[in-house]
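Chemist: Keeping their order, the protein sequence lines are chains A and B. Each residue of the first sequence is one higher than the one before, starting from 1023 at the first, in my numbering. Each residue of the second sequence is one higher than the one before, starting from 166 at the first, in my numbering.
Hint data in this document are derived by calculation from the structure and do not stem from the laboratory. Computed from a prediction, not measured in an experiment: that's the story for all the values here. Incorrect hints may have been included.
Under the rule of at most 25 angstroms between Cα atoms (straight-line distance), these lysine-lysine pairs were calculated in the DSS-like manner [as the list claims (entries may be wrong)]:
id	chain 1	residue 1	chain 2	residue 2
1	A	Lys-1041	B	Lys-457
2	B	Lys-196	A	Lys-1244
3	A	Lys-1280	B	Lys-499
4	A	Lys-1244	B	Lys-170
5	A	Lys-1135	A	Lys-1083
6	A	Lys-1244	A	Lys-1050
7	B	Lys-396	B	Lys-431
8	A	Lys-1178	B	Lys-361
9	B	Lys-499	B	Lys-396
10	B	Lys-431	B	Lys-315
11	A	Lys-1275	B	Lys-484
12	A	Lys-1178	A	Lys-1083
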Amino acid sequence: MINIAVCVKQILDPEIPAKAFKIDPEAKRAIPPKGAELVISDYDESAVEAALKIKDSYETKITVISLGPESAKSTIRRCIAMGADEGILLSDALFDDSDSFATAFVLAEAIKKLGDFDFILCGRQEGDWDAGQVGSGIAELLGIPSVTMIGKIELKNEKAIVERVISDGREIVEIPLPALLTVGSEIGEARYPSLRRIRDASKVEIPTWNAENIAVAKSRNKMLTLFVPTREGRCEFIQGENPEEAGSNLAVKLRQAKLI
Amino acid sequence: MTERKGVVIVGEFSDANLAPISSELLAIGRKLADESGQELSAVFIGNEISDQVTNEAIFFGAERVYVIDAPLFKDYLNDSYVGALEQLDKEIMPETLLLGHTSLGRDVAPRLAFRLDTGVTLDCIDLSIDAETKLVEKTKPVYGGNAIAKYICEEGRPQMATVRAKAVSPLGRDASRSGEIVAFDPGLDEVAMRGKVVGRVKEEVAGVKLEDADVVICGGRGLVGPEPFEKLHELAGILNGAVGATRHPCDAGWCPYHYQIGLTGKLISPSLYIGIALSGSSQHQAGMSGSKIIVAINNDPEANIFGIAHYGVVADYQKVLPSFIEKCGELSSKKGPDIGIEIQKEGRSQNE
Ligand SMILES: Cc1cc2nc3c(=O)[nH]c(=O)nc-3n(C[C@H](O)[C@H](O)[C@H](O)COP(=O)(O)OP(=O)(O)OC[C@H]3O[C@@H](n4cnc5c(N)ncnc54)[C@H](O)[C@@H]3O)c2cc1C
Ligand SMILES: Nc1ncnc2c1ncn2[C@@H]1O[C@H](COP(=O)(O)O)[C@@H](O)[C@H]1O
Chain A
1023 MINIAVCVKQ ILDPEIPAKA FKIDPEAKRA IPPKGAELVI SDYDESAVEA ALKIKDSYET
1083 KITVISLGPE SAKSTIRRCI AMGADEGILL SDALFDDSDS FATAFVLAEA IKKLGDFDFI
1143 LCGRQEGDWD AGQVGSGIAE LLGIPSVTMI GKIELKNEKA IVERVISDGR EIVEIPLPAL
1203 LTVGSEIGEA RYPSLRRIRD ASKVEIPTWN AENIAVAKSR NKMLTLFVPT REGRCEFIQG
1263 ENPEEAGSNL AVKLRQAKLI
Chain B
166 MTERKGVVIV GEFSDANLAP ISSELLAIGR KLADESGQEL SAVFIGNEIS DQVTNEAIFF
226 GAERVYVIDA PLFKDYLNDS YVGALEQLDK EIMPETLLLG HTSLGRDVAP RLAFRLDTGV
286 TLDCIDLSID AETKLVEKTK PVYGGNAIAK YICEEGRPQM ATVRAKAVSP LGRDASRSGE
346 IVAFDPGLDE VAMRGKVVGR VKEEVAGVKL EDADVVICGG RGLVGPEPFE KLHELAGILN
406 GAVGATRHPC DAGWCPYHYQ IGLTGKLISP SLYIGIALSG SSQHQAGMSG SKIIVAINND
466 PEANIFGIAH YGVVADYQKV LPSFIEKCGE LSSKKGPDIG IEIQKEGRSQ NE
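Model the full assembly from the supplied sequences, consistent with the hints where possible.
Modeler: Right, dumping it as structure tokens:
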């Protein structure tokens, strides 16, 4: 039996258009626009998919772990609907405003408490703060090897053969288990849960641990300011009698500007 | 207890050449070192590192270069690279340690930071010394680029950051500069290193490389399929440019992954960027907003991309593109080879 832990975070939909994006400079965080959805962070969904790909071929148990508010239970349930087996929420006022260091610390403590895993999977980076370090941090705190930005996982003789996406191609790395991997969208599109599975998952109890169950660490980084950069509009719209003419007018314009 | 002092950058190179990120790191490292009256060093890790690399690092601003050179470092593995930097940190105790936000830096920096029990900020676009605290103030885009945050590291040393490519201009190369080159042996136990690189797939790029291209044609989700990319390639041929994409076409398999431009794709800064049927999400802008002139074709006048574009056409791209390509063909002075859709070659090499 293969034991996999997947760390997932619930975030504000990262694809809200720039115009709707607002921040609270005092609280130093985004203000959710009306009707904005809370979603699973993109690459965390990729990490769940990676775990499910292993489960497709081997007897596997997948445990989903999320640190966040009560609402994150819906994200955990979504992962269970996708095919994960169980989930746990880490929630406490003391965990709020954790930086990546403190987040990785709490997640690592929870993982230690949950037992032995062959794989710990994370997303390559979060869709809100784009920190890109919690996965590596957990690996370091647990003292296990890690490979980041994975697009493919295979198992061979108690080891994992993984493809790491690098700037000019891919590297194939053999790594002993247990290992931590961070996953990118190269793993393939995440499966969509059926309505029946969504309904079943909505009834699953999600246990919650708080600071009485797990130790807390102090944040290392302090945010001084958060602001939205200003961009001035300057677009010259190229017209024409019809779109076809606009197309050739655009070429003429670029030629006049010596751009082509 | 010895006090921590000095700024160290982790350099990168390919063959005998200093990678551009290294001279950029040296420029920002030089600024921090000068502002705080400290020394700037570079460290290179690898096997059979060329003297040219270490010399160039000095010409671009380093006062000292540490060379960690052994067969163990032929392939990249975070166990050996992080281990080597951990030992170097013990030896020289820098106050500040910078890496590039590259395949290497993204992987090394967080592991090393946690090992050294310090904080790190990844993907910074600026670093400066805060006048009040004298700490390194690290500026980083967050929320996919919708906002910018500034951080300091209060607990833990060294202060660490990775720096985004092209965020800083290198200093002028000065071949009259001199510096010290120091070999460092981290004394790692090879047997303790976990993992092994067993193969490599290199993407073969026919024609101009996306990162280096002077003209980039970028396709988005609105292209709805792989076929339109052939048109984009035709245009790229005429303008001697390269073709890129937003994330969706890559996820959907309309084009290879290495076409992706953005926060989690490639970073480009061409003279001319032409975005076709893409909305200009903040995550995409993170990879292309450094383009000198931005052109957008989109049928939605409210699309984000028009907020940063210089020239725009609001219409169905299917109607605009053919006449645009034809006219470019007539007028362009840049004609290059038609490169066509690229193929990834599987070349597995056995590395011991
Ligand atoms: C953590 C994270 C990292 C990410 N990293 C990246 C990244 O590196 N790069 C990246 O690109 N994205 C990235 N994304 C995804 C990003 O948020 C957007 O989803 C993506 O950039 C949108 O791509 P698009 O503009 O092609 O598609 P859409 O936003 O769907 O836009 C399509 C546009 O095409 C227009 N259109 C449709 N049909 C036509 C037509 N016939 N003629 C003209 N116009 C037409 C529409 O008006 C629309 O504006 C990331 C997301 C997250 C959460
Ligand atoms: N609050 C959280 N709860 C669960 N997992 C998290 C949390 N924050 C980060 N992670 C995991 O760590 C990865 C990298 O996050 P980050 O370093 O914040 O970009 C994410 O993709 C998740 O897999």
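Chemist: A separate judgement is required for each hint: does it hold in the structure or not?
Modeler: We went through each hint and held it up to the structure:
1. A:Lys-1041 to B:Lys-457: Answer holds: Lys-1041 of chain A to Lys-457 of chain B is near 23 angstroms, not above 25 angstroms.
2. B:Lys-196 to A:Lys-1244: Holds, because 22 angstroms separates the two Cα atoms, which is no more than 25 angstroms.
3. A:Lys-1280 to B:Lys-499: 10 angstroms, holds
4. A:Lys-1244 to B:Lys-170: This hinted pair holds, its Cα atoms lying about 22 angstroms apart.
5. A:Lys-1135 to A:Lys-1083: Holds, at about 16 angstroms.
6. A:Lys-1244 to A:Lys-1050: 11 angstroms, holds
7. B:Lys-396 to B:Lys-431: Measuring from Cα to Cα gives roughly 21 angstroms; hence the hint holds.
8. A:Lys-1178 to B:Lys-361: 14 angstroms, holds
9. B:Lys-499 to B:Lys-396: Roughly 17 angstroms between the alpha carbons, so the hint for Lys-499 of chain B and Lys-396 of chain B holds.
10. B:Lys-431 to B:Lys-315: 24 angstroms, holds
11. A:Lys-1275 to B:Lys-484: 18 angstroms, holds
12. A:Lys-1178 to A:Lys-1083: Holds - the C-alpha atoms of Lys-1083 of chain A and Lys-1178 of chain A are around 18 angstroms apart, at most 25 angstroms.
Taken one by one, the earlier hints all hold for this structure without exception.
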